[in-house]
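S.K.: Protein chains in written order, with my numbering: chain A, 420 to 526; chain B, 36 to 151.
It cannot be assumed that every hint is accurate.
[As the list claims (entries may be wrong)] Distance condition first, Cα-Cα at most 30 Å in a straight line; then the derived DSBU-like pairs of lysine-lysine: (1) A/Lys-522 to A/Lys-458; (2) B/Lys-92 to A/Lys-461; (3) B/Lys-77 to A/Lys-522; (4) B/Lys-47 to A/Lys-474; (5) B/Lys-92 to A/Lys-526; (6) A/Lys-526 to A/Lys-458; (7) B/Lys-92 to B/Lys-77; (8) A/Lys-474 to A/Lys-526; (9) A/Lys-474 to A/Lys-522; (10) A/Lys-474 to B/Lys-77; (11) B/Lys-47 to B/Lys-77; (12) A/Lys-458 to A/Lys-474; (13) B/Lys-77 to A/Lys-526; (14) B/Lys-92 to B/Lys-47; (15) A/Lys-461 to A/Lys-526; (16) B/Lys-47 to A/Lys-526; (17) A/Lys-522 to A/Lys-461; (18) B/Lys-47 to A/Lys-461; (19) A/Lys-461 to A/Lys-474; (20) B/Lys-77 to A/Lys-461.
What the hints contain is simulated information worked out from the structure, not anything from laboratory work.
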Amino acid sequence: DIQMTQSPSSLSASVGDRVTISCRASQTVTNFLNWYQQKPGKAPHLLVYGGSIVKSGVPSRFGGSGSGTDFTLTIRGVEPDDFATYYCQQSYRTPYTFGQGTKLDIK
Amino acid sequence: VQLQESGPGLLKPSETLSLTCTISGGSIRNTYWTWIRQPPGKGLEWIGYIYFNERPKYHPSLQSRITISVDTSNSLVSLQLRSVTAADTAVYYCAKFEAPYAMDVWGRGTTVTVSP
Numbered sequence: 420d421i422q423m424t425q426s427p428s429s430l431s432a433s434v435g436d437r438v439t440i441s442c443r444a445s446q447t448v449t450n451f452l453n454w455y456q457q458k459p460g461k462a463p464h465l466l467v468y469g470g471s472i473v474k475s476g477v478p479s480r481f482g483g484s485g486s487g488t489d490f491t492l493t494i495r496g497v498e499p500d501d502f503a504t505y506y507c508q509q510s511y512r513t514p515y516t517f518g519q520g521t522k523l524d525i526k
Numbered sequence: 036v037q038l039q040e041s042g043p044g045l046l047k048p049s050e051t052l053s054l055t056c057t058i059s060g061g062s063i064r065n066t067y068w069t070w071i072r073q074p075p076g077k078g079l080e081w082i083g084y085i086y087f088n089e090r091p092k093y094h095p096s097l098q099s100r101i102t103i104s105v106d107t108s109n110s111l112v113s114l115q116l117r118s119v120t121a122a123d124t125a126v127y128y129c130a131k132f133e134a135p136y137a138m139d140v141w142g143r144g145t146t147v148t149v150s151p
């Protein structure tokens, strides 16, 4: 299985900050890397797919970059609604696997 | 498209879990459908996927116990998990898989608890 490792596991930020979350794959996933946001008691929802393609309707402050094994999710100007847990996920090879999650909370 | 999971909620060890995902607002055909689960307080685990006219693909660790199927007449995607244990306690989600990329539409999830 491809192991996905996120860093950091948790992160504190203030409204307006720029936040970056990293995701590393144990082997190449080319650009088959996705990012999801999950709030407590809710289903995840897709933010970014294909490494850098922001899903339609997702605010433009969210961005993804990277290819191969190293990827980054960036939030430019964190807003109150962004405090949540973020997961990366590879869809390059089954079994599809997720990172352990990064919890973003308010500083 | 909207997805709605349903299931028993509570099972005893060794029983068989049967969940259904009702698809509305879109066609069940020509689309991949996946199941994902999340144990309490933990991360997400991909269980498997199915395309309406192909053999499903399962997580190797669950392959001996699961069956995913599609009922095109009733727009249902089903998950059966046999011989459950406490380790199968989780929220189970169905999701539309926009191949080859990502799960772009999710159901709200259904909580399954395995307890004697």
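S.K.: Taking the hints in turn, state whether each one holds.
M.R.: Hints, one by one, checked against the model:
| no. | hint | result |
| --- | --- | --- |
| 1 | A/Lys-522 to A/Lys-458 | holds, 10 Å |
| 2 | B/Lys-92 to A/Lys-461 | holds, 26 Å |
| 3 | B/Lys-77 to A/Lys-522 | holds, 12 Å |
| 4 | B/Lys-47 to A/Lys-474 | violated, 40 Å |
| 5 | B/Lys-92 to A/Lys-526 | violated, 42 Å |
| 6 | A/Lys-526 to A/Lys-458 | holds, 17 Å |
| 7 | B/Lys-92 to B/Lys-77 | holds, 23 Å |
| 8 | A/Lys-474 to A/Lys-526 | holds, 28 Å |
| 9 | A/Lys-474 to A/Lys-522 | holds, 21 Å |
| 10 | A/Lys-474 to B/Lys-77 | holds, 25 Å |
| 11 | B/Lys-47 to B/Lys-77 | holds, 22 Å |
| 12 | A/Lys-458 to A/Lys-474 | holds, 18 Å |
| 13 | B/Lys-77 to A/Lys-526 | holds, 23 Å |
| 14 | B/Lys-92 to B/Lys-47 | holds, 27 Å |
| 15 | A/Lys-461 to A/Lys-526 | holds, 23 Å |
| 16 | B/Lys-47 to A/Lys-526 | violated, 43 Å |
| 17 | A/Lys-522 to A/Lys-461 | holds, 14 Å |
| 18 | B/Lys-47 to A/Lys-461 | holds, 26 Å |
| 19 | A/Lys-461 to A/Lys-474 | holds, 19 Å |
| 20 | B/Lys-77 to A/Lys-461 | holds, 14 Å |
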